[in-house]
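Chemist: If you want the building blocks of each chain, they are given just below.
Protein chains: 2
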Amino acid sequence: MTQRLIREVFASAFDNVYLRKLDDASVVGLRKGRYAMTTDSFVVDPIFFPGGDIGKLAVCGTVNDLASCAAEPRYLSASFVIEEGLPFDVLESVVSSMAQEARQQRVLIITGDTKVVPRGKADKLFINTTGIGLVHKTLEASMIRPGDKILINGPVAQHGVSVLAARQEFEGRESLKSDCKSLWPIVKLLLQEHVDVRFMRDPTRGGVSAAANEIAQSSGFSLVLAEQDIPVTASCKSFCEILGLEPLDIANEGKMLFFMGEKDAYRALRILKSVPSCRRASVIGDVLPERTGKVYLRTAAGGSRILGMPVAEALPRIC
Amino acid sequence: MTQRLIREVFASAFDNVYLRKLDDASVVGLRKGRYAMTTDSFVVDPIFFPGGDIGKLAVCGTVNDLASCAAEPRYLSASFVIEEGLPFDVLESVVSSMAQEARQQRVLIITGDTKVVPRGKADKLFINTTGIGLVHKTLEASMIRPGDKILINGPVAQHGVSVLAARQEFEGRESLKSDCKSLWPIVKLLLQEHVDVRFMRDPTRGGVSAAANEIAQSSGFSLVLAEQDIPVTASCKSFCEILGLEPLDIANEGKMLFFMGEKDAYRALRILKSVPSCRRASVIGDVLPERTGKVYLRTAAGGSRILGMPVAEALPRIC
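Chains as they are written, first to last, in my numbering: chain A, 1 to 319; chain B, 1 to 319.
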């Protein structure tokens, strides 16, 4: 059964010269260099949501963690924990969307694993992907300088909101599409255009609030974000208002926060806006000279407040 | 909470210069070469068993898949799916045994992930480890030649039997210890002694039966195993007899099947026997010239039968 599953579902969908051997490990030749390695287990509930599914998410999530290190995604592993009784066509559909995203990103899934656990011992399907990528530029939070600008490539909160909406029968939930997307293409574009990016971070769990606070802490500088410059779609905004959610706390899966000097920032903004998926890219904040590692939010009303780390996980199982 | 968990449990136990940054990915310098990559999700039930636990297993399992490619384990990722309510000290104990095994094997856990799912949506703890190792020698099943000998480094079936016994209150179950062990040290020893190993495979799920059948199929040659030469401990043997289990079908986590020419095989046997954990190493079979990809078992009674691929997974959640 496991053998059939591996051959018919995984090996045929992900087909490549490495995986074809069906060995316990795959061997690849690497040239000398700096490589990024990252891992993520995906337990999103539900496994299908508007704009994506757990399979697409499992590829994009790991590709984006590599991209945030300026690493070109090369090889992925994929490991599945399957609850007994999961319909075969559900698994096939998830695997096919993984394969499609991997193909589009030219990343090879070279090794894998499958475990089936009895009914009730897992929730349908968990996927781990681990990725290796070749680093094109060394980025560290310590490279951030006062006066640097903070950019984002589009509206926030779409992923978390779409998953949350998919759990319930919210009216108009189809308009709340996840932003789940691989970000290496836009990172590569900025690097090719010699934009001097100093640091990047994809604001996933805990949203922009968590990412900004982590960066403030590791760079040592305080950050200020301008609420009115942070793009949020109208449908996302009203959904958050109804449920009393702060869009900045909500997970994204196709967004990147970029830190760079002012001149580069406005050039990067023009480049990003030329990409259809990034038309709403925006400069959303500044790095302050103050060395307290805090994040301030300049509200639309003209006030200013501290934007804290989200205390509780507002939305569990969002990725 | 997640942040505290990461800092206090994982980062302190696995501490190294890469992980310390707590970035979403870690960057390592690699020299030009051939690298093996392998992934495994561990869902063993129970998570503690005589001779090991899910943490030790998660390191050994991945190290051994690398070792079977003659790859020196270098870097691991570790990803945890935790059922809400798992006692903190249980997690700590598992993480500490992972850290200990990794330290002993000089492999660094450089990146990780944690997901907490609600009670009843996972079974206590699942761990994924993905590993990268530098390949010291290229091994392929196609290098196997008729007349080659098959070696094993000790008694079979100990891991599966110990886990099964741990699920019940079997008398004397403490004598049924898992063989869970990292095999890179013995593989390295054989390579250093210039033993011309042609192929290796660790007989985990499906035991020696599954591994032998897979190798027979991929090499194209038939294999013959001599039942009386295959080491099994007395306690393991009687446990299997009582439950009607075939020891050759049962998972190992510290065994390797080695394929090599006769001269090398007997030299390797002497080398292995000098290692305390391998005193019961044995030459257990031969590669036949027949190109049918079958596995025969020469029984102790003098007969011969086909040793098939185990049909059903006799023991689910063994790793």
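Hints in this document: simulated from the structure, not taken from any laboratory.
Model, not experiment: these values are computed from the prediction.
One should not assume that every hint holds.
[Unchecked claim] Calculated lysine to aspartate or glutamate pairs in the EDC-like style (CA-CA distance at most 20 Å, straight line):
1) A:Lys-21 / B:Glu-193
2) A:Lys-177 / A:Asp-89
3) B:Lys-294 / B:Glu-193
4) B:Lys-273 / B:Glu-246
5) B:Lys-124 / A:Asp-45
6) A:Lys-124 / B:Glu-83
7) B:Lys-149 / B:Glu-193
8) A:Lys-263 / A:Glu-193
9) B:Lys-124 / A:Asp-229
10) B:Lys-124 / A:Asp-196
11) A:Lys-124 / A:Glu-84
12) B:Lys-188 / B:Glu-140
13) A:Lys-124 / B:Glu-84
14) A:Lys-124 / B:Asp-45
15) B:Lys-124 / B:Glu-84
16) A:Lys-124 / A:Asp-89
17) B:Lys-237 / B:Glu-140
18) B:Lys-21 / A:Asp-229
19) A:Lys-273 / A:Asp-229
20) A:Lys-263 / A:Glu-169
Chemist: When the hints from earlier in the document are held up against this structure, which numbers fail?
Modeler: 1, 2, 3, 4, 9, 10, 17, 18 and 20
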